[in-house]
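*Asks:* Place chain P on chain Y using the hints.
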Amino acid sequence: MAGPKYPGFDTLALHAGQSPDPATGSRAVPIYQTAAYVFRDTEHAASLFNMERAGHVYSRISNPTVAVLEERVAALEGGVGAVATASGQAALHLAIATLMDAGSHIVASTALYGGSHNLLAYTLRRFGIGTTFVSPRDPENFRRALQPNTRLVFGETLGNPGLDVLDIPALAAIAHEAKLPLLVDSTFTTPYLMQPFALGADLLYHSATKFLGGHGVAIAGVLVDAGRFDWEASGKFATLSAPYQGFHDMDFEEESGTRAFLLRARREGLRDFGACMAPMTAFQILQGIETLHLRMPRHVESTRRIVAFLEKHPAVEKVIYPELPSHPDYELCRKLLPKGAGAVFSFELKGGRPAGRTFIEALRVFSHLANVGDAKSLVIHPATTTHYRMSEADLKRAGITAGTVRLSIGLEDPQDLIADLERALKAAVK
Amino acid sequence: MNFKVEGKPVFAYTAARELDPEKPALVFLHGAGLDHSWFGLQSRYFGYHGWNVLALDLPGHGRSAGPPIPSIEAMADWVLEVLKHVKIQKPGVVGHSMGSLIALEYAARHAAERIALIATAYPMPVSAAFLEAARNNQHAAFDMETIWGHAPQVPLGGNPNPGMWMYGDTLARLRRLAPGVLYNDLKACNDYAGGLESAAKVQCPALFILGRRDVMTPPRAAQPLIEKINGAKAVTLDASGHSLMAEAPDATLDALIEFFPRRADL
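Residue numbers (this note's numbering), protein chains in the order written: chain Y, 3 to 432; chain P, 588 to 853.
The shape of chain Y in the complex, shown without the other chains (with noise of 0.2 Å):
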């Protein structure tokens, strides 16, 4: 029998979350350019304070604009919600600040970009939160770090910058044996290429700045919960499943099960830590996310032809790209992206640093930038920019040396940017 069907991933992306506008007819979402909302009268007031009505009281914590791209963000992944945020980090940190205190220990994957290494590694220790970086790409390397204060598990569905697969199955089955989350970052894989939560992972979150807005003029991020994890059968989360004196004892996973996580992270995290995204950011956003369909499959597409340029061009000692048979993940890229890769990639150029920097000296259509999954194309030489404050075993560990560059595939004419590589590699082999 033909069932019920939802609507599909192209139609949520352009209409989720909004409806034409009851007040003007709007059909673009509107920007919602307000700190707060007049209420009805005193009870209304009170009654939104204390969550017995849905609603908007002060943009800090929610706002029109910014709901619709929390709910079409949650509806092309499949989550019950999501929270925006001012950027991916901000994002980040939201997940981890809901989820634990000073006392508490993560276990991340090494191949993470540099500012959660860094927010990890260095910022979250000074604030008694400790991580065990591992290689993903074992996941009993996540299993034998854990301990007996973890609170998560974490890492990127595509790590940065050598695009180790996260074999999410795999470590969503140990991080639920040990009652923890999967956290993973998926912001190289967009919803289009990936849907983490249907593999098993329980939060995830973006860096909204890079393909969900595909033109790189906001810093935004969006963390996402599936709904599935039972914070209070898991008996580790005292801040979901507790008395919160900072809510009137309000026990958040009592008070709303499969709302929990995200309740606490709007209710506490936005109102205490205030990293909220703006109306605008969340307009621009949502005008790149009515496109994501279309653009992925071309940033993919690019993609796999420039990385077979390079691949065969003297001047390269290797590409690293999951979708070649000589990448360790490539099994596993193609049984968890079936769609692609992504447009992210990094290789090897012969000649070290000094080539590297000719290299990318002599570009002209790749932008020399920090910043991934703009609709333009952009280079960047990691070890001594987004990974120059990782130690040389660190970046040994998240497999980077001198002489890797990383390039996101923009939409171009795949062939001006091949010419350009062309002419670039030939400047640097000089």
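Simulated from the structure, these hints should not be mistaken for laboratory data. Keep in mind that the hints are not guaranteed to be accurate.
Unchecked claim - The list that follows gives simulated cross-link-like pairs (lysine-lysine, DSSO-like), each with its CA atoms no further than 30 Å apart:
(1) Y:Lys314 to Y:Lys432
(2) Y:Lys428 to Y:Lys337
(3) Y:Lys320 to Y:Lys398
(4) Y:Lys7 to P:Lys774
(5) Y:Lys432 to Y:Lys378
(6) Y:Lys181 to P:Lys674
(7) P:Lys774 to Y:Lys181
Source: prediction; values computed, not measured.
*Replies:* Just chain P now, with coordinates in the frame of chain Y:
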């Protein structure tokens, strides 16, 4: 609030408050496969406005131990046992969908101050395909409950609860169920046969809150019950489907506030 009834753990949400014998009591009964938090906003409101609130997890749902109870009549009697345990007599009862049938049956069998039946119907038939999918614990049953359980505009519309995705929330709740629980509930609704006789026995005021875009229990399907309960009132919310507490939380709450007067007005 955790306690035991007939030796089995039971959970009731009380808005983090102790029960006060001086206050009137309002019992909330959830629908098939769901739990107390389905009434999150509404039960919290009453808990902070002069009422003892008991938003129950029926056996086998949420935090209450199973097994689930196989008939609407037995569920109504179980509610009575719970209320005896916590020494509540003659409560107001609010039920949604399957919970509305339990509320109806409770009011026919036991003393109730008032009853509010949300998204109800009699009979409440469940399609063979839906029952079969639930009986086989197939995800298709969750999909049917999720999609048919909301108005058609929900997947493309805005959630009044900022940042939440209604479909995802419903699916997440259903995925937490033990095998067989959803089937138990749907079968209980499908098999319930005494609705009209029970409606005729109801002596307390009754309010029907219905969603005009409800495809599971469309407003016309509640008409036989409305006609049988003397003096029953009905409110139909234009924009909502079957999940009125989520789709139209304020309008649902406003209807309940108007129907259940404050202590001073009783």
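*Asks:* Now tell me if each hint is right for this structure.
*Replies:* Here is what the structure says about each hint:
The straight-line distance between the Cα atoms of Lys314 of chain Y and Lys432 of chain Y is roughly 18 Å, inside the 30 Å bound, and the hint therefore holds. For the suggested pair Lys428 of chain Y and Lys337 of chain Y, the alpha carbons sit about 36 Å apart, so the restraint of at most 30 Å is broken. Of the pairs offered as hints, the one joining Lys320 of chain Y and Lys398 of chain Y holds, with about 16 Å between alpha carbons and a cut-off of 30 Å not exceeded. Taking the CA atoms of Lys7 of chain Y and Lys774 of chain P, the gap is about 23 Å. The hint holds against a cut of 30 Å.
Proximity of Lys432 of chain Y to Lys378 of chain Y is assessed by CA-CA distance (about 27 Å); at most 30 Å being required, the pair is judged to hold. This hinted pair does not check out: Lys181 of chain Y and Lys674 of chain P have alpha carbons roughly 37 Å apart, beyond 30 Å. Distance restraint check for Lys774 of chain P and Lys181 of chain Y: the Cα-Cα separation of roughly 34 Å exceeds the 30 Å cut-off, and the hinted pair is therefore not satisfied.
When held up to the earlier numbered hints, the structure conflicts with 2, 6, 7 and fits the remainder.
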